[in-house]
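Residues 1 to 303 (UniProt numbering) are what the sequence shown spells out, left to right.
No wet-lab data here; the hints were simulated from the structure.
Among these hints, one or two may not hold up.
What the hints assert, rightly or not - Straight-line Cα separation of at most 30 Å, DSS-like style, residue types lysine-lysine; simulated pairs:
1. Lys147 x Lys93
2. Lys161 x Lys147
3. Lys93 x Lys161
As the list claims (entries may be wrong) - Label-pair restraints from in silico Cβ distances:
4. Thr119 x Arg49: 36 to 42 Å
5. Gly53 x Gly258: 48 to 54 Å
6. Met14 x Glu235: 25 to 31 Å
7. Arg52 x Thr91: 44 to 50 Å
8. Met1 x Gly53: 21 to 27 Å
9. Phe163 x Leu73: 30 to 36 Å
Note that the structure is a prediction, hence the values are computed from the model and not measured.
All residues carry an ideal CB built from backbone N, CA and C; glycine is no exception.
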Amino acid sequence: MDRLLRQFLAVAEMGNVSLAAQAMNVSQPTVSVNMRKLEQQHGVPLFQRSSRGVILTEYGQILYEHVRVMARLDAHATAEIRARREIDRPTLKVATGFAWWPVAIREAVMAFRAEFPDTNLHVEICSSFDGLRYLLSGDAHVFFGSKVAAISGGLSFDFEKLFDVEDAYFARAGHPLSGREVERSDLAGYPRLDVAPVVNRHLGLVETPEAAPEPDWSHPLRAPLSTNSVTAGIELLRDSDAYLVYPVAVRPEFARRGVEMLNVRNRPRDRVDIGIYTLTEMSENSLVSAFLDRLRNRDWSLT
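Could you build all of it, start to finish, from the sequences and the hints given here?
In structure tokens:
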């Protein structure tokens with residue numbers, strides 16, 4: 001990665017030019033000059049300076065988020081090159097949404113493992129936003145999940161739709177709204193749980209947090225419960241009267257965990273595209289292609 005950007009990252013994280021210079025074994029004047037060069041290059045101030053150190057401006061924060069991704073990509077590329085040099089063993093890294101692991105991905109992974117027993121295989125369970133970040137950082141070769149709206153321009157993702165699903169409302173067994181037909185307005189008295197919130201680390205992927213699709217607009221001004229873990233979310237549902245909007249396909253899996261689908265008469269019937277995300281440059285990877293062919297050839301009409 002570019003030397004100036006490495007120095008910028010060090011200054012941003014340490015909040016002090018002198019400490020950053022020491023850590024990188026260069027002189028403080030050199031780092032100071034290079035930070036000025038970066039500001040001139042972008043035409044904006046990147047730091048607020050004081051006698052106690054420096055803090056990032058809004059412009060600096062934007063650059064910092066992208067440089068962090070670049071540094072991670074660089075580190076992953078270096079690590080993969082080193083690992084490949086030490087042992088020439090292929091690796092497939094698959095990321096998937098929680099809903100699709102029990103429905104299809106577990107089966108596809110095990111079949112792939114049987115066909116390619118000498119391949120290292122890693123599975124990451126995550127939201128769509130994190131799945132895209134894992135693709136960018138090299139932590140995943142494939143992400144299987146829902147299509148993300150308003151992806152930032154310049155990102156080289158390929159999305160291949162395999163099928164679409166409806167979302168539904170889920171709550172614990174014995175919830176006050178369970179066991180009968182209810183209206184969407186009846187949900188207004190209960191907190192909503194979000195298991196895929198848009199957080200700061202996602203802002204480089206989507207144009208704005210507001211651009212993300214909102215499947216439940218019953219009470220947009222109410223602050224929902226949130227977690228980045230569906231497992232934790234299920235426990236929150238079981239321990240409260242909260243409800244969750246999630247794909248209908250998880251109904252059998254949720255039922256095994258004590259969470260059931262609410263019978264909401266006028267729930268939105270919008271279809272959500274589900275499919276495969278890859279980076280454009282991964283399209284010629286033979287392992288990725290072999291795994292994707294298993295997904296493409298599956299009968300998704302039964303989902």
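Now for the hints, and whether the structure bears them out:
no.: 1; hint: Lys147 x Lys93; verdict: holds (19 Å)
no.: 2; hint: Lys161 x Lys147; verdict: holds (8 Å)
no.: 3; hint: Lys93 x Lys161; verdict: holds (20 Å)
no.: 4; hint: Thr119 x Arg49: 36 to 42 Å; verdict: violated (51 Å)
no.: 5; hint: Gly53 x Gly258: 48 to 54 Å; verdict: holds (51 Å)
no.: 6; hint: Met14 x Glu235: 25 to 31 Å; verdict: violated (38 Å)
no.: 7; hint: Arg52 x Thr91: 44 to 50 Å; verdict: holds (45 Å)
no.: 8; hint: Met1 x Gly53: 21 to 27 Å; verdict: holds (23 Å)
no.: 9; hint: Phe163 x Leu73: 30 to 36 Å; verdict: holds (31 Å)
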